[in-house]
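Here is how the chains run, residue by residue.
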Amino acid sequence: MLPAIILSGLAVGAVYAMIGVTYNVMFAASRVMSFTAGQLGMLGGVLGAAFIGVLGLPAILGFLLTMAACAAVGVLTEIIAVRPVLKSLEQHLYVLSTLALALMIQQVTSITWSTEPQPFPNLFGFQGGGATDEKFWLPILACAVTVVGLELLYRRTLIGRAFLAIAEDNFAARALGLPERNLRMASYALAGLIGGLAGFASGQLFLAFFANGAMLNFYGFVPVALGGLGNNRGAIIGGLALGVFQQAANFTVGGVFASVAVFSVFIVVLLLAPQGLFGAPAQRRV
Amino acid sequence: MIITRRSLTLGSAGLAASGFALASPAIAQNEPIRIGWLAALTGPSSAPAIGFDRGVRLAAEAINGAGGVRGRQIELVVRDTQGDPTKAVNAAQEMISRARVHAIWGPTNSGESLATTPIMARARMPNVHPCFVDALIDPTRYPNAFRMAPSNTQIDDAVSGYGVEILKVKRFAVIGDTTGYGTTTVNSSVASFQRREANVVYRGTIDATQPDLTPDMLRMRNAGAEAIALWTVSPGLISRIMNTRANMGWDVPLIGHPAMGSGEVGQLIAKPENWQKTYILGFKNCSYGADGKLPAHVQTFVDGIRGKVNLEDTTLWWIAAGHDAVTVIAKAVQESGSTDPAGIINYWNGVRGFPGLYASYTWSPQEHNGVPPSDLVMSEANSMRHGAYRLAPGYA
Chain A
6 MLPAIILSGL
16 AVGAVYAMIG
26 VTYNVMFAAS
36 RVMSFTAGQL
46 GMLGGVLGAA
56 FIGVLGLPAI
66 LGFLLTMAAC
76 AAVGVLTEII
86 AVRPVLKSLE
96 QHLYVLSTLA
106 LALMIQQVTS
116 ITWSTEPQPF
126 PNLFGFQGGG
136 ATDEKFWLPI
146 LACAVTVVGL
156 ELLYRRTLIG
166 RAFLAIAEDN
176 FAARALGLPE
186 RNLRMASYAL
196 AGLIGGLAGF
206 ASGQLFLAFF
216 ANGAMLNFYG
226 FVPVALGGLG
236 NNRGAIIGGL
246 ALGVFQQAAN
256 FTVGGVFASV
266 AVFSVFIVVL
276 LLAPQGLFGA
286 PAQRRV
Chain B
455 MIITRRSLTL
465 GSAGLAASGF
475 ALASPAIAQN
485 EPIRIGWLAA
495 LTGPSSAPAI
505 GFDRGVRLAA
515 EAINGAGGVR
525 GRQIELVVRD
535 TQGDPTKAVN
545 AAQEMISRAR
555 VHAIWGPTNS
565 GESLATTPIM
575 ARARMPNVHP
585 CFVDALIDPT
595 RYPNAFRMAP
605 SNTQIDDAVS
615 GYGVEILKVK
625 RFAVIGDTTG
635 YGTTTVNSSV
645 ASFQRREANV
655 VYRGTIDATQ
665 PDLTPDMLRM
675 RNAGAEAIAL
685 WTVSPGLISR
695 IMNTRANMGW
705 DVPLIGHPAM
715 GSGEVGQLIA
725 KPENWQKTYI
735 LGFKNCSYGA
745 DGKLPAHVQT
755 FVDGIRGKVN
765 LEDTTLWWIA
775 AGHDAVTVIA
785 KAVQESGSTD
795 PAGIINYWNG
805 VRGFPGLYAS
815 YTWSPQEHNG
825 VPPSDLVMSE
835 ANSMRHGAYR
845 LAPGYA
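Those sequence lines, one after another, are chains A and B.
Those letters in the first sequence? Residues 6 to 291, per the working numbering, in order.
Those letters in the second sequence? Residues 455 to 850, per the working numbering, in order.
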């Protein structure tokens, strides 16, 4: 029983962690918490099911099209919901603009796709439950690929260093001649890719369901808060821990009380460490 | 005789008054019979109302085509409530005060009906509905409301009866989703099993989005469950339970909610065989017997509408119940002689064994639950054909 809890907990937690990273990547480039992060995850599952399951495209082509579409949605988020409110960040207008866009994405999906969960095709033929079932190891693999990919991107490539530069101080980065707007759009495209990958990899676990967006928005935000805003390592560890704890709570206290248990722990952690478990206290120049 | 101005005025007023008094019954006798139809035709819970609507329109067209009821045509006043209790309340009030309907069919889900039933009771509006929640029927508080479907208690008893009396199982796991419906139905279902002296070895609720149910089902198996009673309308949860059952190699029957037989479940299960040994609540009139046929009068109805009405994307019982609703309202007007609300309610209070397509209805002043327990059966979940299911094993 314990292996089943850990396995499903890690799989679910990997998805939460990737959505947490999606939040962080968008935040790093724009200082905006975009509530479209969960919807990108939902779109990854729905578009994957549409391209491969409904249209019958080869899995690799369906995957590439899904990634391209999610990256495009990421860029659209920047253009429609983020760029217009960047001048008044302190008013937190982005809460409204990104939430509105997230709701629009969800409603359009429910109208054009379905209000009921739809099947996500089996990709590699590994089924039957247990550790070999791809619905469990695919999200974990996708999370590992994301971690390694981001490390390589940020440490080994010029564009990755440019991302870090605008995340650190976008005024200074601009003064150095970095194309801040283009880099911000690229960050949102990257966030679209990570969110889409999370949804695609977890399609068999969560099914292709329009309401997954709201659920991922919610549970994807928890690792961000637990790990510290903008801290990808914290989001990964927080996401995995959340997944395992949630599945354990499902098993031990069950149903309606599982969410209560999860959020009780979440609140306690934030009371003890308001900056997150891995975040540093914000420093202010005086 | 001298005609004064005063007598002329009085006489004219008297004539006018008598004229209106004479004319009003004539208008009432010719005006259409307005049936309000509170339908959740759009929104996430629209599937039943779409099915009911087909039956409603079939019945109205058939009655109007045959000359109406006492020469009066049926006019449907349809309002889309979208499954929202607020919209249902507004629509009910508008039907009562502005559209001035003579009877209302619906709403078709209990959440809406809980909100509209007191309003209709205050207006003494004759109301028939297919909602399951027990509290919706109370002849003292709501003498105008009549149920054309089983109550939750009847459903619980039908499922527990099948499990204990026909499957001969004694140890049950009873589970539901974490919605209000799931949690309350688990409680009532457990009580029903216990009334039959069955042993409920596991009870619990599961979040419909929980991706892996292996731990929960291992606990059920370890507790010694020999059958699982499942109460949810979530195809995702249902299919996950079926897939996990197959992965565990656990040959245990699933019994319970009709949603386990929906087409969405068929799409979500990993293999067709995962759908076997699953038995859902069904209705005798809308179930295929051993000969593969429906009861004769229902078979005639189905044969008559084949090609005109789509039976493949809905269930037959929804169409049949919608048809019956209009029929019982029309019959009440026919028998009581008018659209007077008291007359309609009085007629329904005396109905005995009304031969509907969906069920044989019986109401009395003390009992407004119209479907007799004998009309409830269990069906094989994976056997849907033309909107109807095959009887589950164990029925003669």
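Just to be clear, a hint being listed does not mean it is correct.
[Stated by the list, open to error] Among the chain A residues that face chain B by a calculated CB cut under 7 angstroms, a handful are:
no. : residue
1   : ALA9
2   : ILE10
3   : VAL152
4   : ALA180
5   : ASN255
Hints were generated in silico from the structure; no laboratory data involved.
These numbers come from a predicted model, not from an experiment.
Glycine included, every Cβ here is placed at the ideal spot set by N, Cα and C.
Right, here's what the structure says about each hint:
{"no.": "1", "hint": "ALA9", "in the structure": "4 angstroms, holds"}
{"no.": "2", "hint": "ILE10", "in the structure": "5 angstroms, holds"}
{"no.": "3", "hint": "VAL152", "in the structure": "21 angstroms, violated"}
{"no.": "4", "hint": "ALA180", "in the structure": "47 angstroms, violated"}
{"no.": "5", "hint": "ASN255", "in the structure": "6 angstroms, holds"}
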